[in-house]
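Work out the full structure: start from the sequences and follow the hints.
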Amino acid sequence: MALHFIAEPWHLPANASIHGLALDHHLLLNLWIVAALFALSHLILLLGLVLRRTSAPRNTWRVEYLPLAAITFLFIALAAQAERLWADARYTGADPGALQVEVTAMQFAWYFRYPGTDATFAITRPQLADPATGNPVGIDPSDPHAADDFVTTELVLPAHREVDLTLHAQDVLHGFSIPQMRLQQTILPGQPIHVHFTPTTPGTYAILCTQLCGTGHFRMNANLRVLSPADFYAWLAAMQSAQKAAQS
Amino acid sequence: MTPTPRHQSSTTSPLPPNPYTLPPLFTTDHHTIGRLYLLLALFSVIIGTTLSLHMRLHLIWPGLNIERILPGSYLAIMTVHGTIMLFFVLTTAPQSGFGNLILPAQIGSRRMALPLVNAFSFWLTALSLLVLCSSAFTEAGSPLSGWTAYPPLSAVASAGPGQGLGMDLWLASIALFAIASTMSSINTLVTIIRLRCEGMTWDRLPLTVWGWFTAALLSILAFSVLLAALLLLFCDRHAGTSFFLPANDLVNGTLHTSGSGSPLLWLHLFWFFGHPEVYIAILPGMGLTSMLLANFARRRVFAYRTMIVTTLLIGFLGILVWGHHMFISGLSPYAISAFSVSTIAIGIPATAKVLSWLATIWRSRPQYTTAMLFSLGFVSLFITGGLTGPILAQPILDQYLHNTFFVVAHFHLIMAMAGVFALFAATYYWFPQITRSATCPGRLMSETLGRWHFATTLLGAYATFLPMHLTGLAGEPRHYAQLSGVPNAAGHLLADLLPLNRFITAAAIFLASAQLLFLVNLVRSLRHGQLAPTNPWQATTMEWRPALKNISPIHETNSRADVSDLKIVVYRSPCEYHSSLHPSSFTPQWEPEITLNTTDDDPE
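Just so you know, the protein sequences line up as chains A and S, in that order.
Residues 1 to 248 (our numbering) make up the first sequence, in order.
Residues 1 to 604 (our numbering) make up the second sequence, in order.
Treat the hints loosely; a few may be bogus.
Claimed, not checked - If you want the footprint, here are the derived chain A segments under chain S, 3+ residues with CB under 8 Å:
#1 36-43
#2 59-66
#3 72-82
#4 119-130
#5 162-175
#6 195-206
#7 215-227
Unchecked claim - Some chain S residues close to chain A (C-beta under 8 Å, calculated; not the full set):
#8 Leu153
#9 Ala159
#10 Pro246
#11 Asn248
#12 Ser340
#13 Trp362
#14 Gln399
Since the hints were derived computationally from the structure, they do not count as laboratory data.
Since the structure is predicted, the reported quantities are computational estimates derived from the model, not experimental observations.
C-beta atoms are modelled at their ideal positions from N, C-alpha and C, and glycine is treated no differently.
Here you go:
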């Protein structure tokens with residue numbers, strides 16, 4: 001595959017999301033352009049040093065402003081494409097039919113809450129949050145929507161369905177990063193934020209914390225498990241019935 | 001300031017004798033203060049480098065438990081490394097160290113404009129360093145929140161070890177530094193604006209002076225905002241305010257209900273300081289590189305006026321790009337598009353500078369002094385580090401690369417390595433200026449050791465920081481204390497990067513060891529270096545002006561025949577080389593007539 005061949009020298013982990021394809025393409029284009037400019041500029045630098053001295057007058061327009069205009073044009077072209085991709089990813093929210101999952105980050109763990117059969121997240125109260133009692137995100141049990149909400153320590157998603165994640169930070173800043181989904185978002189406490197993407201390839205992927213959050217920062221991670229749709233809905237049904245059993 | 005009119009600037013009149021009899025350490029003499037700043041920066045860079053080696057070792061060998069040797073956790077060491085390198089090395093040495101040593105002489109002044117302010121700034125800076133270092137010896141050690149100190153991690157004492165007293169000491173240290181830098185920048189600006197000698201018009205200023213000038217302008221803006229932010233954070237910690245603390249923040253089991261602020265405000269304030277700060281660190285180096293390339297290529301800097309404009313433009317754009325540190329921090333995506341454009345735009349004046357440098361040395365067969373080699377190294381590192389800038393300026397790519405080692409590689413090459421290369425060039429070039437005294441000429445450093453130092457440092461710098469691009473692209477995040485022993489899929493991702501990281505650590509040890517060549521050279525040359533001739537590099541700028549040659553006594557009635565009574569006049573722009581005749585034929589700025597004679601002061 002051509003993309004694999006041009007990606008190989010750069011050590012990019014395999015992409016497993018829909019938007020990641022265009023992102024990778026643009027990133028690799030950037031990297032190769034930068035590598036070429038690096039080689040070209042150093043060639044000019046070294047040639048300029050070894051060639052015979054000349055004192056012929058030089059035209060500032062030709063030597064400086066023309067190459068500058070060319071590089072400016074290149075920057076504009078790259079930036080325009082980047083803005084287009086950025087707008088696609090971020091200017092609009094998720095599709096209303098996207099799978100809803102809530103992510104909670106805290107020193108030094110990730111929790112994932114699924115809304116259950118009623119498709120509604122119950123209210124949370126930080127004073128109720130206590131991982132030791134099995135309620136790490138502080139779900140308010142008096143909320144009628146609380147009974148079917150369930151919380152996991154790994155993120156499980158179906159392939160080929162868009163997911164709308166609501167990211168919360170309970171204490172300090174955290175960074176939600178899934179390198180193989182080409183996704184990263186800093187989470188500020190007090191400011192929940194949405195990100196959306198569509199995984200394509202089933203597999204297990206790393207979720208990392210990428211914003212310095214304290215002594216356990218390096219070990220604050222979780223797994224993302226992408227399943228085939230059939231496997232996912234079987235898993236979801238199992239989790240929901242387990243939650244029902246636990247409540248009754 | 002003296003109220004004398006411009007054409008009789010205070011440099012023309014003798015200074016009154018210092019009314020204060022201070023011990024030599026508390027001097028107001030700018031030359032001594034400059035040397036003290038350099039000494040402080042040297043001490044700091046040795047500490048900062050030691051800390052970075054500790055980090056590199058810990059990363060690949062977490063079982064080593066070096067914590068017993070150096071106080072504090074990996075993150076505390078990282079915080080002190082970043083703080084010390086950014087503030088006490090990259091800001092202090094070029095701007096305050098060489099700024100004091102060279103700037104007055106380059107504009108034809110015998111002093112800085114505000115000597116007392118100058119001395120006060122230095123001692124505040126020294127106190128600031130002392131307070132920072134003292135944080136390591138508190139019970140819980142230095143803070144662990146990095147040099148960016150994002151709240152709530154930095155606002156709540158229970159958020160981690162070192163976030164109590166250690167964090168307070170950090171805040172105090174940086175506040176002192178901000179005050180000192182602001183005062184020192186005012187001094188620099190007043191000196192450049194008011195103390196230029198007769199004939200030193202703005203377009204005759206060397207590009208180094210333009211670098212110091214722009215950096216001082218940025219310093220005043222940036223450090224005053226930082227000081228305000230530090231005070232607000234201090235109030236959040238101790239006065240019950242909540243500028244940065246959000247509502248119902250649950251940190252380490254304690255619920256903080258009083259909050260109504262946002263950490264985003266800190267990010268804005270901090271990076272409004274933080275981004276100009278990196279230009280403060282590099283602008284003097286850019287100026288010096290331009291002048292040194294020209295001097296050793298025996299050519300005027302190509303497109304000199306464009307260079308002045310691009311310096312100012314980089315300064316101006318530098319205050320409009322802080323949002324690119326927050327691409328994925330929850331700003332409006334439209335605001336991010338705008339910050340992306342301003343960030344890409346700053347690449348344009350930077351590219352113009354690189355083109356000018358390449359054109360200046362193109363087919364010049366320059367003289368390869370150590371200072372020239374380090375300047376060429378600066379150009380190379382600036383290009384390499386700079387090229388990844390436009391990549392990181394694209395938010396969609398930052399969404400993948402943010403806080404990975406790709407970013408670490410980028411800023412270590414363009415800011416740290418290029419900045420340090422400029423400092424090395426400055427040290428080798430201006431060593432006679434550093435070591436001269438009223439009675440004794442300065443000394444030169446060993447060129448042989450210098451060339452070895454250059455070759456090993458360039459190799460070490462690239463071997464250390466180029467592979468970091470790859471580990472970053474592979475997904476290695478910054479600020480991780482270790483890569484092994486991590487659970488889950490992340491454990492595999494990180495463990496796969498260990499071999500390349502072992503290589504980086506080995507390269508970093510090589511790079512640090514190469515600096516012993518510099519230290520040996522420095523210590524030996526201070527006492528035994530070859531005595532420098534008056535103008536060892538056949539330079540055209542004013543700091544190499546012979547003390548008594550070609551200066552006419554002022555015509556006013558003044559009986560004293562002291563050197564300080566003699567008027568300093570500038571007759572021309574810098575970089576007047578007559579290369580077509582002979583490489584050593586040039587006319588310095590202080591020369592009234594163009595002379596095509598070769599001078600007898602050959603450097604070798």
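Against the structure, the hints come out as follows:
For the region 36-43 of chain A, the stated coverage by chain S is satisfied: 4 residues place a CB nearer than 8 Å to a CB of that chain, which reaches the threshold of 3. Requiring three or more residues with a Cβ within less than 8 Å of a Cβ of chain S, the coverage given for the region 59-66 of chain A holds, as 3 such residues are present. With 6 residues carrying a beta carbon less than 8 Å from a beta carbon of chain S, the region 72-82 of chain A meets the three-residue requirement, and the given coverage holds. Given a C-beta distance limit of less than 8 Å, the hint that chain S covers the region 119-130 of chain A holds, as 3 residues qualify and 3 suffice.
Counting residues of the region 162-175 of chain A whose C-beta lies closer than 8 Å to any C-beta of chain S gives 5; at least three are required, and the coverage claim holds. Judged by the Cβ-Cβ criterion of 8 Å, the region 195-206 of chain A is covered by chain S as claimed, because 3 of its residues qualify and three suffice. Given as covered by chain S, the region 215-227 of chain A passes the check, having 8 residues with a CB less than 8 Å from a CB of that chain where 3 are the minimum. With a cut of 8 Å, the hint placing leucine 153 of chain S at the interface with chain A holds, because the nearest CB-to-CB distance is about 4 Å.
Satisfaction of the interface hint for alanine 159 of chain S is found here, the shortest Cβ-Cβ separation to chain A being roughly 6 Å, below the 8 Å cut-off. About 2 Å separates the beta-carbon of proline 246 of chain S from the nearest beta-carbon of chain A, less than 8 Å, and the hint is met. The criterion of a C-beta within 8 Å of any C-beta in chain A is met by asparagine 248 of chain S, whose closest approach is roughly 5 Å, and the hint holds. Of the supplied interface hints, the one on serine 340 of chain S holds, with its beta-carbon coming within about 7 Å of a beta-carbon of chain A, less than 8 Å.
Restraint check, tryptophan 362 of chain S versus chain A: the minimum CB separation of about 4 Å is within 8 Å; hint holds. Of the supplied interface hints, the one on glutamine 399 of chain S holds, with its beta-carbon coming within about 5 Å of a beta-carbon of chain A, less than 8 Å.
Checked against the numbered hints given earlier, the structure satisfies every one of them.
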